[in-house]
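Undergrad: Protein chains in written order, with the UniProt record's numbering: chain A, 1 to 96; chain B, 1 to 96; chain C, 1 to 96; chain D, 1 to 96; chain E, 1 to 96; chain F, 1 to 96; chain G, 1 to 96; chain H, 1 to 96; chain I, 1 to 96; chain J, 1 to 96.
If you are wondering where the hints come from, they were derived from the structure by calculation, not from laboratory data. As the structure is a prediction and not an experimental result, all values here were calculated from the model. Fair warning: there could be bad hints in the mix.
As the list claims (entries may be wrong) - Simulated restraints on C-beta separations:
| # | chain 1 | residue 1 | chain 2 | residue 2 | range |
| --- | --- | --- | --- | --- | --- |
| 1 | F | 60 | G | 26 | 56 to 66 Å |
| 2 | E | 9 | B | 59 | 14 to 24 Å |
| 3 | F | 75 | D | 78 | 46 to 56 Å |
| 4 | E | 75 | A | 59 | 57 to 67 Å |
| 5 | E | 74 | I | 88 | 56 to 66 Å |
| 6 | E | 36 | C | 78 | 55 to 65 Å |
| 7 | D | 78 | I | 88 | 33 to 43 Å |
To be verified - Stretch-level coverage of chain H by chain G, calculated; a stretch enters the list once three of its residues show a Cβ under 8 Å from a Cβ in chain G:
| # | region |
| --- | --- |
| 8 | 8-15 |
| 9 | 25-32 |
| 10 | 77-88 |
As the list claims (entries may be wrong) - With a Cα cut of at most 20 Å, we get these calculated EDC-like pairs of lysine to aspartate or glutamate:
| # | chain 1 | residue 1 | chain 2 | residue 2 |
| --- | --- | --- | --- | --- |
| 11 | J | 78 | A | 80 |
| 12 | J | 39 | I | 95 |
| 13 | A | 39 | B | 33 |
Where a beta carbon is used, it is the ideal one built from N, C-alpha and C, also for glycine.
Protein chains: 10
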Amino acid sequence: MLFQVRMDVHIPLDMPTDKANAIKAVEKAYSQELQRQGKWRHIWRITGQYSNSSIFDVESNEELHSILQELPLYPYMKVEVMALNRHPSSIREDDS
Amino acid sequence: MLFQVRMDVHIPLDMPTDKANAIKAVEKAYSQELQRQGKWRHIWRITGQYSNSSIFDVESNEELHSILQELPLYPYMKVEVMALNRHPSSIREDDS
Amino acid sequence: MLFQVRMDVHIPLDMPTDKANAIKAVEKAYSQELQRQGKWRHIWRITGQYSNSSIFDVESNEELHSILQELPLYPYMKVEVMALNRHPSSIREDDS
Amino acid sequence: MLFQVRMDVHIPLDMPTDKANAIKAVEKAYSQELQRQGKWRHIWRITGQYSNSSIFDVESNEELHSILQELPLYPYMKVEVMALNRHPSSIREDDS
Amino acid sequence: MLFQVRMDVHIPLDMPTDKANAIKAVEKAYSQELQRQGKWRHIWRITGQYSNSSIFDVESNEELHSILQELPLYPYMKVEVMALNRHPSSIREDDS
Amino acid sequence: MLFQVRMDVHIPLDMPTDKANAIKAVEKAYSQELQRQGKWRHIWRITGQYSNSSIFDVESNEELHSILQELPLYPYMKVEVMALNRHPSSIREDDS
Amino acid sequence: MLFQVRMDVHIPLDMPTDKANAIKAVEKAYSQELQRQGKWRHIWRITGQYSNSSIFDVESNEELHSILQELPLYPYMKVEVMALNRHPSSIREDDS
Amino acid sequence: MLFQVRMDVHIPLDMPTDKANAIKAVEKAYSQELQRQGKWRHIWRITGQYSNSSIFDVESNEELHSILQELPLYPYMKVEVMALNRHPSSIREDDS
Amino acid sequence: MLFQVRMDVHIPLDMPTDKANAIKAVEKAYSQELQRQGKWRHIWRITGQYSNSSIFDVESNEELHSILQELPLYPYMKVEVMALNRHPSSIREDDS
Amino acid sequence: MLFQVRMDVHIPLDMPTDKANAIKAVEKAYSQELQRQGKWRHIWRITGQYSNSSIFDVESNEELHSILQELPLYPYMKVEVMALNRHPSSIREDDS
């Protein structure tokens, strides 16, 4: 099942750079592992924002929740979730 | 360049079904032609809504505007446009 | 999978009462059939509104969308969909 | 009487983990005791959020207020309350 | 139980004056009967608006819903309902 | 003249309990004195919130402002003021 | 007592020009009479809008409501009312 | 040229009273000097708020900006600016 | 003086194409004349919308209002006006 | 390609003046260099706000994002991005 998720990141201004970089490095590795598994199908940067718009392909709402709450940046994020369907006009068989 | 576009369709309740179906058929053909050209990269239905969330890959803002305003359903749509970038964590080379 | 759906109904003021009643009767039968199947687990009236708050238990986003768009009152509704998970504090085994 | 309540939890980023865990453990026990009493009829996690959507069945507005303000996490919550009625289309006798 | 209800009335501009006056007369009689019964404890006009702010004292959410949906102006109203409790600082014994 | 005032209280999480209790005690005495004078005609708790909905009967906007800004909790409040009139359907002579 | 009132006028697009002009002429005369009486102390056009921002000086909320609801354009207006006080920094004795 | 400006003041709760009073005293003197010059034509307190609604009469947008950013309380303010015109119904020659 | 103005156009769906085209032709000529005079310094289409974002350079608020309300499409527009200043970082002498 | 960008700056109240001034000086030099390159075509102060409205002319969404996130004040900004097109009524050849 597909979901569109928007994540807006607000790292506190007083977090030491080292700590922030460490969290971001773990976040990146975590995201890329999920992309390789096909769970996190797309991730785009929103122009001008410290935010992304992503597409997830998961087994269930539960799986999506588990993935999101384990994001290292989750405590610093505002998250919006929107359920998606295959569109009847889509020509891509694999685009759910 | 990538853009995320949300389209919410509000066909007037008193439009004759024949007319509505004719417009939707042209809309579908138009969308699929653009998908085949690679301009309209993704289209998903938003669950529960007469709305889609789409990803466009165009040469310029002008091209995106031309594509949108020629949509047969454009007069009945509310449209939101958001510029996207390739994300530094993306593992897909072709995902801009 | 569980979803919470809010439906706000806005029947046009000039719809003849007979037509409105006929639509509502089909709507009620359709809702009750889905309740008997266990797809539409709960439906509550929102106090003071011509609106309901409902819980659906479906196989997929696609099934939820199909159910909603076939509602006889769908053309007159504003719909909001929110994905739900089982809560770790819930004591009800069957409450997903 | 039924009420739908949404609770969004915002624990301060600098609260020590031990303290947060202790509060959450008391919260869980408190919630489960109320579920066993039938006062807190349902609790669902909202996908992607540190939030729940719950249904309460109480004697009065006063009882609902007392239950909510005694939640250990109450000082860290944004709470929304919505009164509900039995819906005329509901097939469940015990669903108020 | 006490509820605060705000009603904003939007009578269509093309409703004949006679019809509007007839509806308003029934509305007034209906409101006054409920005031005499003690169900509709207060009604105030909101300055500058065709709106009122009212306090209801009812047995249940169901009774409040029945009262509201039988208002002759209900089809032309936007309604907001807010549950109230006796306040611990109140000095009025009968002010719930 | 009548005014409806909503007060939402946000006491800082790090205020010592003793200090908070002392402020609340003064607030309660202040409110009850104004209730006895008939200036603060009603005060209700909003269910589930640390908020009240109140009705004031004052000589002027100035008097209302003076009363509000002297509230001990005023620095921690969000305040909304709405002017009210006697309603033409009201049956209570003393309900302005 | 002083009130700031914003009025946004939305005359239906299909109202005949003659009728609209007649209403506006009565509106202007009515406004100017109230200005001469000192009730309607200021009226300014909001740049770019068919809207005004006005200051009223009235005896009571009731008087303000009566003035507003008798405006010939009232059925076509959205109205916002905000109570004002003399400001402690004001140097104008007559500016309430 | 006339502008309506709303200023909402949010002094941090932990600012020492002496410092706050000193800033307010300078603010008051600054405001009164501008009132005497005719630049700051009106200032009213918004009932129940630590806010004012003001009318400025300045040579240009630049002059308005200079006046506002030199307010001693400016760092603690939320400011809204709205351009105004003389209204065609106004009877006051000097009310722009 | 500079102002940024956003105009969102909503032509009624049932306006005959001939009439709409005639209005748009007059609108275009009117806009271009003002551009040649230097009053309407910039006009950009907002991508995906029937809307523009424009910069006006006028003598006064009054002149801006006159220009806007004489737009042939004005009755079908939602207009937002924002006063601008020369920015201290601007390197363009003629950019106000 | 053209983009309109609004930047609202919120420097923390407790940042030392020296540090704030140093950041602003780098910001100004950075902005002016981009203006000289023609990337940052316009920058205007929004009257009364610590905000600017700017027009960028860039090769791509990626270039815009890079420019914005390298702004020295970026960590303290709220940023809004809106894609623009040349307008069919524009008389300026070089105004995209």
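Undergrad: Among the hints numbered above, which are violated by the structure, and what are their numbers in rising order?
TA: 1, 2, 3, 4, 6, 8 and 13
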